[in-house]
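K.L.:
Letter by letter, the chains look like this.
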Amino acid sequence: MSWKTRRLRGHEGAAAMAFLLPNFLGFLVFTIGPVFFSLVASFSNWNLQRTIPFQWIGLENYAKLFHDPDFWLYFVNTGYLMLGLPVAIGGSLVLALLLNRDLRGIVAYRTLFYLPTFTSGVALLILWKALYNPDFGPVNVVINWFLDSLGVNRLVAILTGRELSAPQWLLSTRNLLGIGVEQVRIVAKQWGLGARDAIIIMGIWVAIGGNNMLLYLAGLSNIPQELLEAAQIDGAGRWATFRHVTWPQLAPTTFFIVVMSFIGGLQGGFEQARVMTGGGPAGTTTTLTYYIYTKAFEEFDIGYSCSIAWVLFIIIFVVTLINWKFGSRELNY
Amino acid sequence: MTKQMTRQSGFGRWWRRRGRFVFSHGVLAFLALTMLAPFLWMVLASFKPLVEVEELNPFPSKWQPVNYLQVFREIPFARYYFNSLFVAGWVTFLQCLTSAMAAYAFARLRWKWRDHVFRLYLATLMIPGVVTMIPNYTLMVKLHLLDSYQGLIIPAAFTAFGTFLLRQFMLTIPRSLDEAAQMDGATHWQVFWDVILPLTRPGLITLAIFTFMGNYRSFFWPLVMIKSQHLRTLPVGMLYFDSIYGRQTNLLMAATVMNIVPLIILFVVTQKFLIKGIQLGAVKG
Numbered sequence: 000m001s002w003k004t005r006r007l008r009g010h011e012g013a014a015a016m017a018f019l020l021p022n023f024l025g026f027l028v029f030t031i032g033p034v035f036f037s038l039v040a041s042f043s044n045w046n047l048q049r050t051i052p053f054q055w056i057g058l059e060n061y062a063k064l065f066h067d068p069d070f071w072l073y074f075v076n077t078g079y080l081m082l083g084l085p086v087a088i089g090g091s092l093v094l095a096l097l098l099n100r101d102l103r104g105i106v107a108y109r110t111l112f113y114l115p116t117f118t119s120g121v122a123l124l125i126l127w128k129a130l131y132n133p134d135f136g137p138v139n140v141v142i143n144w145f146l147d148s149l150g151v152n153r154l155v156a157i158l159t160g161r162e163l164s165a166p167q168w169l170l171s172t173r174n175l176l177g178i179g180v181e182q183v184r185i186v187a188k189q190w191g192l193g194a195r196d197a198i199i200i201m202g203i204w205v206a207i208g209g210n211n212m213l214l215y216l217a218g219l220s221n222i223p224q225e226l227l228e229a230a231q232i233d234g235a236g237r238w239a240t241f242r243h244v245t246w247p248q249l250a251p252t253t254f255f256i257v258v259m260s261f262i263g264g265l266q267g268g269f270e271q272a273r274v275m276t277g278g279g280p281a282g283t284t285t286t287l288t289y290y291i292y293t294k295a296f297e298e299f300d301i302g303y304s305c306s307i308a309w310v311l312f313i314i315i316f317v318v319t320l321i322n323w324k325f326g327s328r329e330l331n332y
Numbered sequence: 000m001t002k003q004m005t006r007q008s009g010f011g012r013w014w015r016r017r018g019r020f021v022f023s024h025g026v027l028a029f030l031a032l033t034m035l036a037p038f039l040w041m042v043l044a045s046f047k048p049l050v051e052v053e054e055l056n057p058f059p060s061k062w063q064p065v066n067y068l069q070v071f072r073e074i075p076f077a078r079y080y081f082n083s084l085f086v087a088g089w090v091t092f093l094q095c096l097t098s099a100m101a102a103y104a105f106a107r108l109r110w111k112w113r114d115h116v117f118r119l120y121l122a123t124l125m126i127p128g129v130v131t132m133i134p135n136y137t138l139m140v141k142l143h144l145l146d147s148y149q150g151l152i153i154p155a156a157f158t159a160f161g162t163f164l165l166r167q168f169m170l171t172i173p174r175s176l177d178e179a180a181q182m183d184g185a186t187h188w189q190v191f192w193d194v195i196l197p198l199t200r201p202g203l204i205t206l207a208i209f210t211f212m213g214n215y216r217s218f219f220w221p222l223v224m225i226k227s228q229h230l231r232t233l234p235v236g237m238l239y240f241d242s243i244y245g246r247q248t249n250l251l252m253a254a255t256v257m258n259i260v261p262l263i264i265l266f267v268v269t270q271k272f273l274i275k276g277i278q279l280g281a282v283k284g
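Just so you know, the sequences run in chain order W and D.
Just so you know, numbering that gives the first Met the number 0 puts 308 at position 309 of the first sequence, and the rest follows in order with no gaps.
Just so you know, numbering that gives the first Met the number 0 puts 245 at position 246 of the second sequence, and the rest follows in order with no gaps.
If you are wondering where the hints come from, they were derived from the structure by calculation, not from laboratory data.
Only a predicted model underlies this, so the values are computations on that prediction, with no experimental measurement involved.
A hint or two may mislead.
[As the list claims (entries may be wrong)] Derived contacts from chain D toward chain W, CB cut-off under 7 Å, selection only:
1. MET34
2. TRP110
3. MET125
4. PHE266
[Said to hold, decoys possible] In silico lysine-lysine, DSBU-like type, Cα no more than 30 Å apart, as pairs:
5. D:LYS141 / D:LYS226
6. D:LYS141 / W:LYS63
7. D:LYS111 / W:LYS324
8. D:LYS226 / W:LYS324
Where a beta carbon is used, it is the ideal one built from N, C-alpha and C, also for glycine.
In isolation and in its complexed conformation, chain W is listed as follows (with noise of 0.2 Å):
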């Protein structure tokens, strides 16, 4: 190294530290910091109500964890919840697919379908709280109205004898899969629509036209023509196409999508469980970042809450540690 290299690295290396500075800072103090603490946090049992003494009191927090059937009863709901997503990666591919061609007004189409992703919140929440009411929801209105007017269950009520009524939608503890309250496993009488569903639906609605389609789109656009016209050559139809090119193609994308959409999936459901159900009916809608704010700002218990938020961290990593190992690591956009 010359002295003038040397030189110049020492100069740059202050003006390095000189622009990190302000960033680094704050990095520290709101990043790196609050991890550390959050995990010395989770071996404790403060409390910020401050009616028990501070102890430190090692795994016992985990340990309680473990035995929490609340806790596997939430960690349920959060896997249920995440059903929809393989639904919403599918639509979004079909939707790029159907996008992914030269049709006058595409930019159009793109547009009104990424419109539920970009006005997400809580607004679109309160939306379809209101699109649910079982009473006066324009969702039940309608279903009303086709099975009443329409005289579907008048049709129902001949063949079986009984009637349909509508969902209760965010007042029902039923779901698809029949899974119990407060239990988990499967009753008959929980078979239906209910809560958590609303749910699911409405997270497609939100992410069908979202991020993932233009990715795909991304993707899409990514795959050598020549590929698809060998294929076209060969006589491959659109399915063989599709089936044989496109699809092992956009391998990487899909990739890519799962493993952030399962990891996006892990720590979702607070957002909608405290605008549009308190969590409920029964804790049916209560997912583990909910309860972990639950537990934190309702029950100010912030050591056994950080116990929750870390083990939420380690599944994340684990899934994290996957998509290195096995992801590529450019998608070569």
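Given the coordinates of chain W, work out where chain D should sit on it, guided by the hints.
P.N.:
Just chain D now, kept in the frame of chain W:
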């Protein structure tokens, strides 16, 4: 074989020329309408008298734009608007500035441990928000920043994601440019401010939109931080509006429309940057 047969018939010819076009548009238009239906209902319901909200007919018999005025009378909606724009504006400004400076250090300067520190930044991208949220809350309590603008703005002003995004942009700028400027005796700040930053503009705009949007609709943090009515941002204000006036669906929908409109305007204006940014953000892998 089948291909040739359809080619001969009149329908086949029509199908190849026009039919596919019509079919594609038909399918897409149907899908778009399904996606838009909730929005259409929202807008129409916001103009209805309350009694008509639950009717099958989505159109109001008498248009009632006064609903929108009524929202401002029932809750300090203008204040919520201001709070949201004020906080999101500051967060966006600070985040762009600190991220751009850090990105310059990572992309343009050589220093010891640079790549290690950058890897640390990248690694934090996967940390779930709830992990840092609780310690940050207790920190804000200790600093007496609970229930204040500062408490909403400062913790959100620094991001690893922004640094990462801008670094990627800066790496694409040819090195010869800053070398030439340095030959002319420019300081690092001048190189950063006059050479690199203008060329990073697309990246900065993308980051600014993401940050602004994300903050405009952020809910968890303002929800736990803000206790006073006059400091509520729109999402928190909407939550309370819903819990108190939840039965007045028409007013609620008017408020929802007003909540969403700035986002739609922002989207239409900035579409191009946004879509690029989403596709670029995926490279982080």
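K.L.:
Work down the list of hints and note, for each, if the structure agrees.
P.N.:
Do the hints match the structure? See the list:
no. : hint                : in the structure
1   : MET34               : holds, 6 Å
2   : TRP110              : holds, 4 Å
3   : MET125              : holds, 5 Å
4   : PHE266              : holds, 5 Å
5   : D:LYS141 / D:LYS226 : holds, 16 Å
6   : D:LYS141 / W:LYS63  : holds, 29 Å
7   : D:LYS111 / W:LYS324 : holds, 27 Å
8   : D:LYS226 / W:LYS324 : violated, 45 Å
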